[in-house]
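J.: For reference, the chains in residue letters:
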Amino acid sequence: KQEVTQIPAALSVPEGENLVLNCSFTDSAIYNLQWFRQDPGKGLTSLLLIQSSQREQTSGRLNASLDKSSGRSTLYIAASQPGDSATYLCAVHMDSNYQLIWGAGTKLIIKP
Amino acid sequence: EAGVAQSPRYKIIEKRQSVAFWCNPISGHATLYWYQQILGQGPKLLIQFQNNGVVDDSQLPKDRFSAERLKGVDSTLKIQPAKLEDSAVYLCASSLEGGGMGEQFFGPGTRLTVL
Numbered sequence: 001k002q003e004v005t006q007i008p009a010a011l012s013v014p015e016g017e018n019l020v021l022n023c024s025f026t027d028s029a030i031y032n033l034q035w036f037r038q039d040p041g042k043g044l045t046s047l048l049l050i051q052s053s054q055r056e057q058t059s060g061r062l063n064a065s066l067d068k069s070s071g072r073s074t075l076y077i078a079a080s081q082p083g084d085s086a087t088y089l090c091a092v093h094m095d096s097n098y099q100l101i102w103g104a105g106t107k108l109i110i111k112p
Numbered sequence: 001e002a003g004v005a006q007s008p009r010y011k012i013i014e015k016r017q018s019v020a021f022w023c024n025p026i027s028g029h030a031t032l033y034w035y036q037q038i039l040g041q042g043p044k045l046l047i048q049f050q051n052n053g054v055v056d057d058s059q060l061p062k063d064r065f066s067a068e069r070l071k072g073v074d075s076t077l078k079i080q081p082a083k084l085e086d087s088a089v090y091l092c093a094s095s096l097e098g099g100g101m102g103e104q105f106f107g108p109g110t111r112l113t114v115l
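As they're listed, the protein sequences go chains R and L.
Numbered per our numbering, the first sequence finishes at 112, counting up by one with no gaps.
Numbered per our numbering, the second sequence finishes at 115, counting up by one with no gaps.
Keep in mind that a hint or two might mislead.
As the list claims (entries may be wrong) - Some, not all, of what chain L presents toward chain R, calculated at C-beta under 7 Å:
no.: 1; residue: Ala2
no.: 2; residue: Pro43
no.: 3; residue: Leu45
no.: 4; residue: Pro81
no.: 5; residue: Asp86
no.: 6; residue: Ser87
no.: 7; residue: Ala88
no.: 8; residue: Leu91
no.: 9; residue: Phe106
no.: 10; residue: Gly109
Stated by the list, open to error - Below, a list of computed lysine-lysine pairs in the DSSO-like style, where the Cα atoms sit at most 27 Å apart:
no.: 11; chain 1: L; residue 1: Lys11; chain 2: R; residue 2: Lys1
no.: 12; chain 1: R; residue 1: Lys42; chain 2: L; residue 2: Lys44
no.: 13; chain 1: R; residue 1: Lys107; chain 2: R; residue 2: Lys1
no.: 14; chain 1: R; residue 1: Lys68; chain 2: L; residue 2: Lys62
no.: 15; chain 1: L; residue 1: Lys11; chain 2: R; residue 2: Lys107
no.: 16; chain 1: R; residue 1: Lys68; chain 2: R; residue 2: Lys1
no.: 17; chain 1: L; residue 1: Lys15; chain 2: R; residue 2: Lys68
no.: 18; chain 1: L; residue 1: Lys15; chain 2: R; residue 2: Lys1
no.: 19; chain 1: R; residue 1: Lys111; chain 2: L; residue 2: Lys78
None of these hints come from the bench; they were simulated from the model.
For every residue, glycine included, the Cβ atom is placed at its ideal position computed from N, Cα and C.
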């Protein structure tokens, strides 16, 4: 059974720092992996989707990497800003079924 | 392009009452999902539609929850009767591709409080 883990559950850093959020999964037979952002009281915003054949995806200050063999993905945020404060969730699609398997998220606080 | 629309945004009811949520997906998206998200957890899939057919409702508590997607566009999710543990955010998402493997786009959610 696939399990997705995000550590730490919460992270607080000063503005301007580069930071890395981690996502690990137990079964490497994934179809794709998606990173989302969730602001308080709001829905989920898709940030990056990495297909299983890809190693990384970039969008602006965000870079997501994928290492299937080790069961890990990282979300790198460059030059963090207070507006980046949110909860970041990762989710994987398995090869064998179409459900998204979710991590519990990392709550990120960027201090001005 | 308009996003996924949901209403209402907030709902407070007493236990044993009924409630309904509405979702309008992104135009042209064949697949629609309803999720339940309890505070501090990732979303839990309740039901997935492909056009107006149900693909997966294995985690839907069918004794109290029901959902429909008439004409393969809008969808409603109903809870009757509500329990305290149903307090959560109900998220609707849609994706363009069939088969459930496509990138999912989410609405703002409906926050339900059951007293």
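J.: Now, for every hint given, state plainly whether the structure supports it.
T.: Here is how each hint holds up against the structure:
1. Because the smallest distance between the Cβ of Ala2(L) and any Cβ of chain R comes to about 14 Å, over 7 Å, the interface hint for this residue is violated.
2. Checking Pro43(L) against chain R: minimum C-beta separation of about 6 Å stays under 7 Å; hint holds.
3. Of the supplied interface hints, the one on Leu45(L) holds, with its beta-carbon coming within about 6 Å of a beta-carbon of chain R, less than 7 Å.
4. Checking Pro81(L) against chain R by beta carbon gives a least distance of about 26 Å; that is not within 7 Å, so the hint is violated.
5. Restraint check, Asp86(L) versus chain R: the minimum CB separation of about 18 Å is more than 7 Å; hint violated.
6. With a least beta-carbon distance of about 15 Å to chain R, the hint placing Ser87(L) at the interface is violated under the 7 Å criterion.
7. Violation of the interface hint for Ala88(L) is found here, the shortest Cβ-Cβ separation to chain R being roughly 13 Å, above the 7 Å cut-off.
8. The beta carbon of Leu91(L) comes within 6 Å of a beta carbon in chain R, closer than 7 Å, and the hint placing it at the interface holds.
9. At its closest, the beta carbon of Phe106(L) sits 4 Å from a beta carbon of chain R; the interface hint therefore holds under the 7 Å criterion.
10. This hint holds: Gly109(L) has a C-beta 5 Å from the nearest C-beta of chain R, less than the 7 Å allowed.
11. Straight-line distance between C-alpha atoms of Lys11(L) and Lys1(R) comes to about 35 Å, which puts the hinted pair past the 27 Å bound.
12. Between Lys42(R) and Lys44(L) the CA atoms are separated by roughly 16 Å; this keeps the pair inside 27 Å, and the hint holds.
13. Restraint check for Lys107(R) and Lys1(R): the C-alpha separation of about 25 Å stays at or below 27 Å, so the hint holds.
14. Proximity of Lys68(R) to Lys62(L) is assessed by CA-CA distance (about 36 Å); at most 27 Å being required, the pair is judged violated.
15. At roughly 25 Å between alpha-carbon atoms, Lys11(L) and Lys107(R) fall within 27 Å of each other, so this suggested pair holds.
16. For the proposed pair Lys68(R) and Lys1(R), the alpha carbon gap of about 16 Å is at most 27 Å, so the pair holds.
17. Only pairs whose Cα atoms come within 27 Å are accepted, and Lys15(L) paired with Lys68(R) is rejected, the gap being roughly 45 Å.
18. A hinted pair counts as satisfied when its Cα atoms are at most 27 Å apart, and Lys15(L) with Lys1(R) does not qualify at roughly 34 Å.
19. Between Lys111(R) and Lys78(L) the CA atoms are separated by roughly 41 Å; this puts the pair beyond 27 Å, and the hint is violated.
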